[in-house]
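Visitor: Residue numbers (our numbering), protein chains in the order written: chain A, 58 to 268; chain B, 5 to 106; chain C, 10 to 1028; chain D, -10 to 406.
Hints listed in this document are in silico derivations from the structure and should not be mistaken for laboratory results.
Each residue gets a CB set at the ideal place from its N, CA and C atoms; glycine is no exception.
Mixed in with the good hints, there may be bad ones.
Okay, derived cross-link-like pairs now, DSSO-like style, lysine-lysine, Cα gap no bigger than 30 Å in a straight line [what the hints assert, rightly or not]: (1) C:K63 / D:K397; (2) C:K117 / C:K172; (3) D:K86 / B:K29.
Just a sample of chain B residues kept apart from chain D, beta carbon distances all over 12 Å, derived [said to hold, decoys possible]: (4) E14; (5) T21; (6) P31; (7) A34; (8) V35; (9) D36; (10) S37; (11) G38; (12) E39; (13) S40; (14) G60; (15) A78; (16) T91.
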Amino acid sequence: MADFSWNTQSPLQKALVAGRHGVASAQAGVTLVEVRDLVLVQVMARRGKAADTAKAAKKLFGVDAPSTPKAVAGKTATLVWSGPDQFTVLAPRTDESSQIDAMSQAFSGSASLSDQSDGRCLIRVSGPRGRDAIAKFSSLDLHDAAFPVGAAANTAVDHTAVNFYREANGADGHPVYSMLVFTSFADSLWHTIVDSSLEYGVDTSRTRAAA
Amino acid sequence: MRIACPFCGERENGEFTYLGDASPKRPNFAVDSGESPERVEDAFYDYVYLRDNVAGFMREYWYHGGGCRSWLIAERNTVTHEFRSVTAAPGVGASKPVQAGE
Amino acid sequence: MSGYSGSEPLGRTAAAEGSTSARSQAASASQSHRLRSGGLIDRQAPLQFSFDGKTMTGFAGDTLASALVANGVKLVARSFKYHRPRGIITAGSEEPSALVEMRTGARKEPNTRATTQELYDGLIAQSQNRWPSLRRDVMSINQLFSPIFVAGFYYKTFMWPAKFWEAIYEPIIRRAAGLGKSAELPDPDHYDKAWAHCDVLVVGAGPTGLSAALAAGRAGSRVILVEEDNRLGGRLLSDGGEIDGMHAEEWVRRATGELDGMANVRIMTRTALFGVYDGGVHAALERVSDHIPVPGPHQVRQRIWRIVAKRSVVTAGAIERPIAFPGNDRPGVMMASAVRTYVHRFAAMPGKRVALFTNNDDGWRTVEAIQQAGGDIAAVIDPRGKVPAEYQALAELSDLRVLAGGVTDVKGGVDGVRGVVVTAADGRKQQIDADCLAVSGGWNPNVGLSCFHRGKPVWRDDIAAFVPGDCPTGMVMAGAANGEFSLGACLRDGHAAGAAAAADCGASGNAGEASEAGDEVYAISPLWQVKAKGKAFVDFQHDVTASDVTLAQREGFESVEHLKRYTTLGMATDQGKTSNITGLAIMADATGRTISQTGTTIYRPPYAPVAIGALAGHHRDESFHAWRLTPSHHWAAARGAVFVDTGLWKRAQWYPQPGEKDWIESVTREVLAVRNGVGFCDVSTLGKVDVRGADAGTFLDRVYINAFSSLGVGKARYGLMLREDGIVMDDGTTSRLAEDHYFLTTTTAKAGPVMAHLEFCRQVLWPELDVQLSSASDQWAQFSIAGPNTRKLLQALVDPSEDMSNEGFPFMGAREVKLRGGVTARLFRISFSGEIAFEISVPARYGAAMAENLMIAGKPYGVTPYGTEALGVMRIEKGHVAGPELNGMTTADDLGLGKMMSKKKDFIGRVMAGREALTATDRQVVVGIKPLDRARRLRSGAHVIPKGGIPGPATDQGYVTSVCYSPMMEQWIGLGLVERGRERIGEIVRIHDPLRSEDYEAEICSPVFYDPEGVRQRG
Amino acid sequence: MKYSIFSLAKAALSGHQGWTRAWRDPAPKSHYDVIIIGGGGHGLATAYFLANEYGIRNVAVLEKGWIGSGNAGRNTTIIRSNYGLPGNTGFYELSMKLWERMEQDLNYNAMVSQRGIINLYHSDAQRDAFARRGNTMRINGIDAELLDAVQIRKELPFLNYDSPRFPIMGGLLQRRGGTARHDAVVWGYARAADQRGVDIIQNCEVTGFVRDQNGKVTGVETSRGKISAGKVGMAVAGSTSKVAAMAGMKLPIESHVLQAFVTEAIKPLIPGVVTFGAGHFYISQSDKGGLVFGGDLDGYNSYAQRGNMPVVEDVCEGGMAVMPMIGRVRMLRQWGGIMDMSMDGTPIIDKTPVDGLYLNAGWCYGGFKATPASGLVFAHLLARDEPHPEAARFRLDRFRRGAMIDEKGQGAQPNLH
């Protein structure tokens, strides 16, 4: 029998209709991008092994793993704090199994890993009114002083958990926020984000994670 | 209401789930402890059902399920809703407690 | 605006300055009471509006109330109880009387205060609570019965005969009560809710608030300034004055400019703070588009703001209070400050001949305002009998008629005041011709927001008013709200409060100096009521009179709360903003207590009423709650699946095929397809938890009633967990994928609570164990594949190297397998249906492909996708318990699973499960139930009565929990919880379902209807 | 003076100068046969029934503030007897029967209005649970009807039947359910008890118990002095744990805040009581025209009588989901009451381990509808020293024995009941 084809499907398959929505002003106030094809692994230090985990992370990624709510860019991945003694490794998907194997080896004995590459969906919110749109569904204080580039937060949107982190400002000088949302909620939260953005005009698109 | 998670900072209480009084400690009886069932049940009756229900500061469990998934112990005034402290449960994260849990 | 000097007397021809258009001239001319110049209105922008069907014209900048005043309209409403004619009393959100029905159709909105509704072109408003018309209201007959309709009369009557209450009395009362009519169509507008954060929140943008915002902003703190009005300035817009040597208007302009220039200051107009909650959460309502006919595209009508502030400076000002005297509710009797607002801010004259009744110096400002606008002051009635020093020159200059004494009657008709009767201290009466009576009983600091955390206001004798007591944490009140009534003091108080709040937040910049203004004297001698014959109203909307207050006192309702509840004083839409203090002062007088001893009622949010739609925001219709989709959702939708909301999930319930007449037919087809061939169902909604760590087995031993540390790698086991009180919490299958890795599943409904419970066990109960938990619910697309042809289907799907034989993959086996095409899956040989069955998990991105590939791989075997209904049928046929049996009241033994409870280890719930009532022999336990009449449809919720028994509490022995039409048994069957059920297998009982008028006999049987030996699933 | 339209008309002739106090304002005596702590609906009803049914008239009701200042005056005024478990079913029906004759019993119009209560269901599982409960009611002789959406639409056309989420499938209707004017219930019982000799003493706070050498309670210390008593009954829901602590008792009770809301008055819109089954929202309309509505507990222990925004929003979201035509109606006032949340969601009416001290507590958010029956059975317990048959299951030791009465099946987690 012939092999089966295993086409992949994004949880935003239906919800994301690329293009302009809402108020048709010259420049969209909000830009929404689904970032696809990520490897995402939750790293949880074993009991009493927080220091060993940090050491292993440093060795593998060349940076100190975040011990407070921050996102840190390492050699091959971004490490986003996701709770005490745990963080999420985010990397563009290249060779998935070897990427995960490398982590399994590096953290063997110090941390438990949980592959969440399909458990989360990454949505990036930017544009001059991005922060105003987010203020409609998130209670986080995203003021520059409270949430600078590199800051991260686990919070709740529509009563479900979401990880936010702030990336480097966009070319337009406006802040860029990344949101990791649960896959099964992605369709719903996407609607919430779009609805919050319509009055500013919103451009939506999807992209592959940049290597 | 805002709760200062020791890990995440101050957050809306909607991110948290409330369990209640943190004073009762789970009795620990091995199946072969030899205690009379009566006494063991009495101890659990206390733990599961009886509450001081203080008007004033009480220690209580909150779960930051909409955040870092830590169980927290808050000291909060039940009359004014003022928080005096919020600390992590002994087994939060990878921390290794000096002694067995509550 | 130009200030007083720019105002021209009424009736004088406007100087032909600039290019006043013909249209605006015509508009001006049609407004009988509009001043020819002045006011913060745009005469170039005339706006048409209609009130009770009559078209009128106002100007941009008007409120509906000011436009009505400008058009000479006095009668605008009918009161709640007596349907008395009422006019406009105030010029702000405290308005008790001038409530109208705004807009039409689905946008109809009852009880809108004309005083805060901004005018727009095409505005349509109706008066309310009258029939057939405002002028001729039949219900005003109630006034004839007013001698009987006193406070609390309804508690004393309408009792006989008892049946008449719902049938006759109450419908009449209900129809008479209420004010406006609400729309009966869904609200077509959108709302949203947003968050904002700051160091210092300044509430109110009058002189105090502007001063506070300037200080806090200059100091460098993050400031939000909210103002309910559409422009900044507060009372300065109505009373003018001089600040830092400039006109108040100029000062406001400069202050606004400075604030606008600060990046750390955010100004929010049309935004009213309505609540203060714990932790510095402040709630405000922004009226985004109430000032235009309909919201623009993608624009909301209103928006709720939750503003998180470290400090707040509340400068909510003060509210002028009425005096209770006979006739004080006649249209044309208006608060003195409101008269000044209409004249000065809106260039609209409430009357051509104005009488003023004041007991304090501030009221006297009205004299100047009216005179400068070209109106006549008919008289000033001041019970103090003396012209305040500040006004002596003015009084002499204009030969002012000043009377000592009090107003004891107001003459006139529905159209308003025609005369005022003044009675002097010696009893001498005189009548004064006037078409407007301005009243000032003094000012009440607006303490409401300070009391929302149960702080009690404090009485101050010198100003005869309550000032804030203990404010909510982080809040200070400043300016008039704090009892500071002079402009200079307000500016200083605001500045000091703003600077202090900023410093508290760590701001170290220079707050600058406070602006300066004069410190006018505010002298008052309290006057709450003028005792004379006639109805003297305290609460205008609810028609509570001074004599109602004293009646309540005579009947023992002396507590202010009893007073309020007995008379309804202060329970109207203004929540007593203009009436509460007067009412309690009259009560204090009647009881001989002081006002301070009498105290106030409890202040509660919202400060001003808030639309329910705004509080719901975005969360309505499909966005009521977030939804969750399974990985094969769109695939199932494309195949026409019928979906059902289960919790937040959308699940495929069944897949109808053309020609099927009802869902039972579809579900039966799906069940038979599984039992005779093979089918699959998306079960991704199950909670899935990765349990890892050296102590994972020990951990699960303590969580489950049965053992898991003894489970071999590559094996799955059914597990049951209890609550600590011994009642079943949840069940599911848990597999051991590696020595230190278990994969635990929960029911769909309990995924969240179980995860929280497991974390509690890990972090609180047993922190010594090395266990890590992560939710994997969304990572995996999981399908149940069931039926005799399952293995054949799987053999087509998996890599040929995988051994799928019964020996190679035995019942309750669990391991990873390679699928053709390169994807790795987790495969579990577990069965809910009783057939050979597997659950297969692939990463969620492959969920849709998996569904499609299962169709391809299973095509030769007639593979059929099935939904939750067929899943439910098969579990009932097999006697597996689910939600209806795991109802939070059943023990493991009730479910027939008591034998699973390990006696070798401790686990959550072990001890409490042993309590006497939970182990009693007469408990209701799970059994099977089948009607004797095989054509009979069994229904869940029907009760079980012994055969021949008479239904009653003593014979009520249980009920049917789950039912289905069983294609295998070819009849309806069910599970039930029945007293001593397991001892009664074979017994015939009576199924009693009075709700559905059904009563029939059924047999109690084993819950396992189909393949009781369990042969099929092991084959 | 007997209240009637005639006495009212007569009083009008004299400008209502003739009305006297609805209840006296006596100074406390040194001894009473029975002291009831708590001048709420339950305490006053207990005193009324002690005097009226059991002939015990030397009774005082001690209230620390003004009568009705607790939950009696802070609830959403719903009366119903649509319970499903043995113990509750009969008790609440007893209460309903007492509501139905209350006005004639008390000569006070408490506006008991049986305009019906409907619990909407939105899933098969909910329908089945309602069917079970409705059948229990019918088996116990209580009216109940299971309606489908078509039938409900005839009576309540304004509901959101076509919601894309959790559409209305039907409802369980009790036509005899409805509302009553809460304050009037308090005042009616106070006046009727007073007329039968009961002393209602306001502004009298109990500060401790007087006990003899055997530990028996023989009186109370109060802010107005020591008062001795044959028996002392507690009816202080919201403050039960505080008062019990004075006698050294710890109870299976937590105090939680429940918020409620009322809108501005509008013309009649909603005939009876409607509860939404897919969210936290229930609503009725008062005779004055305000829509009275509420939802779930805030969820944390509280004695503050006020709550927070998340619940306000949650409740209004539920409201807009089920009746989106109330979007433009304005919420006028929100408040909070302190619920005596028991560990199984069911009240406790029993003797306590302390001799001479009797407990009436744990009403959760169901206390108002229970007022008359609670008074009757508590009076019975105080008078006879044995439980009234309809309250026989409301025992304190049921938690120890495992005989919980847990309608919601949530276990020992009070904030989930």
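Visitor: The structure should be examined with respect to each hint, and the outcome stated for every one.
Guide: Hint-by-hint comparison with the structure:
Using a Cα cut-off of 30 Å, the hinted pair K63 of chain C and K397 of chain D is violated, with the two alpha carbons roughly 57 Å apart. For a cut-off of 30 Å, the pair hint linking K117 of chain C to K172 of chain C is broken: about 35 Å separates their Cα positions. Between K86 of chain D and K29 of chain B the alpha-carbon distance is near 45 Å, which puts this suggested pair outside the 30 Å criterion. For E14 of chain B, the non-interface assignment is confirmed: its Cβ lies about 15 Å from the closest Cβ of chain D, beyond the 12 Å cut-off.
Residue-level check failed: T21 of chain B sits 8 Å from the nearest beta carbon of chain D, not beyond 12 Å. Against the 12 Å criterion, P31 of chain B stays outside the reach of chain D, whose nearest CB is about 15 Å from its own CB. Interface exclusion of A34 of chain B from chain D stands, the closest Cβ pair being 22 Å apart, more than 12 Å. Even its closest Cβ contact with chain D, about 19 Å, leaves V35 of chain B beyond 12 Å, as expected for a residue assigned away from the interface.
The beta carbon of D36 of chain B is kept farther than 12 Å from every beta carbon of chain D, the shortest such distance being approximately 23 Å. Every Cβ of chain D is farther than 12 Å from the Cβ of S37 of chain B; the closest lies at roughly 20 Å, confirming the non-interface assignment. Look at G38 of chain B: its CB is around 22 Å from the nearest CB on chain D, clear of 12 Å, so calling it non-interface holds up. The claim that E39 of chain B lies off the interface holds: its Cβ sits roughly 16 Å from the closest Cβ of chain D, which is beyond the 12 Å cut-off.
The claim that S40 of chain B is not at the interface with chain D holds, since no C-beta of that chain comes within 12 Å of its own (minimum 15 Å). With 12 Å as the threshold on Cβ separation, the claim that G60 of chain B sits away from chain D is violated: the shortest Cβ distance comes to roughly 9 Å. Its beta-carbon lying about 9 Å from the closest one in chain D, A78 of chain B breaks the requirement of being farther than 12 Å from that chain. Here T91 of chain B stays apart from chain D, with its beta-carbon at least about 17 Å from theirs, past the 12 Å limit.
Violated hints, listed in ascending order, are 1, 2, 3, 5, 14 and 15; each of the other numbered hints is respected by the structure.
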